[in-house]
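A.B. asks: Listed below are the residues making up each chain.
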Amino acid sequence: MSILELIVQYWPRLIAGLGLTVEITIISLILAGILGMVFGLLSVSKRKGLRAIALVYVDIVRGTPLLVQAFFIYFGIPAALGIQSDPVVSGVITLSLNAGGYLAEIVRGGIESISRGQMEAARSLGLPYGMAMRSVILPQAIRTMTPALINQCIITLKDTSLLSVIGVTELTQTGRLIIANNYQSFEVWAIVAMMYFIIIMILSKISKRIERKMSYGKSNN
Amino acid sequence: MGKVIIKNLKKNFGDLEVLKDINLEVKEQEVICIIGASGSGKSTLLRCINALEDASSGTIEVDGNDITRADGNINKYRQNIGMVFQQFNLFPHMTVLKNISFAPVALKLKTKEEAEETAMKLLRRVDLTEKANVHPEQLSGGQQQRVAIARALAMNPDVMLFDEPTSALDPEMVGEVLNVMKQLAKDGMTMIVVTHEMGFAREVADRVIFIDEGFIVEEGPPSEIFGNPKNQRTINFLNKVL
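Just so you know, the sequences run in chain order H and X.
Quick note, the first sequence lines up with residues 1 to 221 if you use this note's numbering.
Quick note, the second sequence lines up with residues 1001 to 1242 if you use this note's numbering.
Next up, chain H with everything else stripped away, as it sits in the complex:
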């Protein structure tokens, strides 16, 4: 079968695989965003204990391979607890925790990039810390964080392919299953690669536009 014929024949399965990839990416990124914000804020806290909690979390995420994290959450923890685990749920938990760690670092970096005088000015007006952070620091920090945030979205999208090894039928696993039927490794991997490429290109284009809009807003409002 030619590539074109393969695409036509396996279109529904490929699209279903891509759909699951995108779905897992979006849900994981939302959860990771919450984790990243919470641990990012902890890591700029005045209290040592809170900073330590964030540090431990980020170090564990960065210090272990994603694949090992996935195995630990899919096989390790359920075995220890004697429960049945679902590959998609385990996959989402893994990616959320993983991306959350990196996002926490991005949030920390973004907050630290804002000059200390901004927080001092806000506090000197009598604003409580949380309000100053929310209304003065974070809106500015998010601007500087945007490129790194979008980069992390793309990385997480690509990382979903690792979940194929725990049996999540996302795009990569779909490709493997199709090859198991027809042995057309070259053609199928080419199709799968192209599908990733297209979706990531679309994401990059959107992100470029967002970045441009943000810098435009800064110099012209």
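Since the hints were derived computationally from the structure, they do not count as laboratory data.
Don't take every hint at face value.
Beyond 12 Å from chain X on every Cβ pair, some chain H residues (computed) [what the hints assert, rightly or not]: (1) Ile-34; (2) Pro-128; (3) Tyr-129.
Among chain X residues calculated to face chain H with C-beta under 10 Å, some are [claimed, not checked]: (4) Gln-1029; (5) Gly-1082; (6) Phe-1085; (7) Pro-1092; (8) Pro-1104; (9) Ala-1106; (10) Ser-1167; (11) Phe-1226.
Cβ atoms here follow ideal geometry from the backbone N, Cα and C, with glycine treated the same way.
Chain H is fixed; fit chain X onto it per the hints.
C.D. replies: Coordinates of chain X only, in the frame set by chain H:
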């Protein structure tokens, strides 16, 4: 209102003793200028007054409230103490009007309409009404500092602290900021000003404080400090800067 009483204030940064034993009483409507070499502790003293730096020991009373033992009340106390910074520190993502009206609205002290009305009045006072809707980056340094003064005044403070408000300005913009401060002094604001502008201190201050190595070395009316300084360290410092 507007009384500041500092007793036995000490401040260490690690092993470094920046303020060694500061005692100072500022009366209502008094204008104090603090002078001294860089590193003498004068900015630290100012920053202790609104707890941007925590005092290591001693007490600081502003209108009867002890800033050093504020616990949960520090935000409330700070509303009463305006602060103007060397680097202006305007919020770049807000318009000039929002910069000034933001805090009173966020703290639910005023409605948005009331706060904006006040902001416009304050902009008139610093002569910048036409800049209400631009962002700070489109203003000159002098204009930014005048907005920063308006922002601090929007909280209706009893005391205003100025931390070298003209040190980051181009020379031609110093005058416009000092003029706003002079007007403020004339209107009866209690002011504590850390400054290198000896001309301003001589003209506007009721009392000049010379700080060196964490101590108040000499204080008195400007005519005394500038015309007839007693302490050798004051004389040396003034010889260098005048």
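A.B. asks: So, Ser-1167(X) near chain H? Judge it on the closest CB pair being under 10 Å.
C.D. replies: For Ser-1167(X), the interface hint is violated, since the closest Cβ of chain H sits about 14 Å away, which is over 10 Å.
A.B. asks: Taking the shortest Cβ-to-Cβ distance between Ile-34(H) and chain X, state whether it exceeds 12 Å.
C.D. replies: 23 Å, holds
A.B. asks: Taking 10 Å as the limit, does the beta-carbon of Phe-1085(X) come near enough to a beta-carbon in chain H?
C.D. replies: 6 Å, holds
A.B. asks: Is the shortest C-beta separation between Ala-1106(X) and chain H less than 10 Å?
C.D. replies: 6 Å, holds
A.B. asks: Against chain H, is Gly-1082(X) within 10 Å by beta-carbon distance?
C.D. replies: 8 Å, holds
A.B. asks: Taking the least C-beta to C-beta distance, is Pro-1104(X) closer than 10 Å to chain H?
C.D. replies: Pro-1104(X) check passes; min Cβ-Cβ to chain H is 9 Å, inside 10 Å.
A.B. asks: Do the numbers back the hint for Gln-1029(X), that is, is its least Cβ distance to chain H under 10 Å?
C.D. replies: Not OK, violated: Gln-1029(X) not within 10 Å of chain H, min 21 Å.
A.B. asks: Given a cut of 10 Å on the nearest C-beta pair, is the interface hint for Pro-1092(X) held or broken against chain H?
C.D. replies: At 7 Å from the nearest chain H Cβ, Pro-1092(X) passes the 10 Å test, so the hint holds.
A.B. asks: Decide, holds or violated, for the assertion that all CB atoms of chain X are farther than 12 Å from the CB of Pro-128(H).
C.D. replies: 5 Å, violated
A.B. asks: Taking 10 Å as the limit, does the beta-carbon of Phe-1226(X) come near enough to a beta-carbon in chain H?
C.D. replies: Constraint on Phe-1226(X) not satisfied, violated at 30 Å.
A.B. asks: Against chain X, does Tyr-129(H) keep a CB gap of more than 12 Å to every residue?
C.D. replies: Non-interface label on Tyr-129(H) violated, nearest chain X Cβ at 9 Å vs cutoff 12 Å.
Of the hints listed earlier, those the structure fails to meet are numbers 2, 3, 4, 10 and 11, in rising order.
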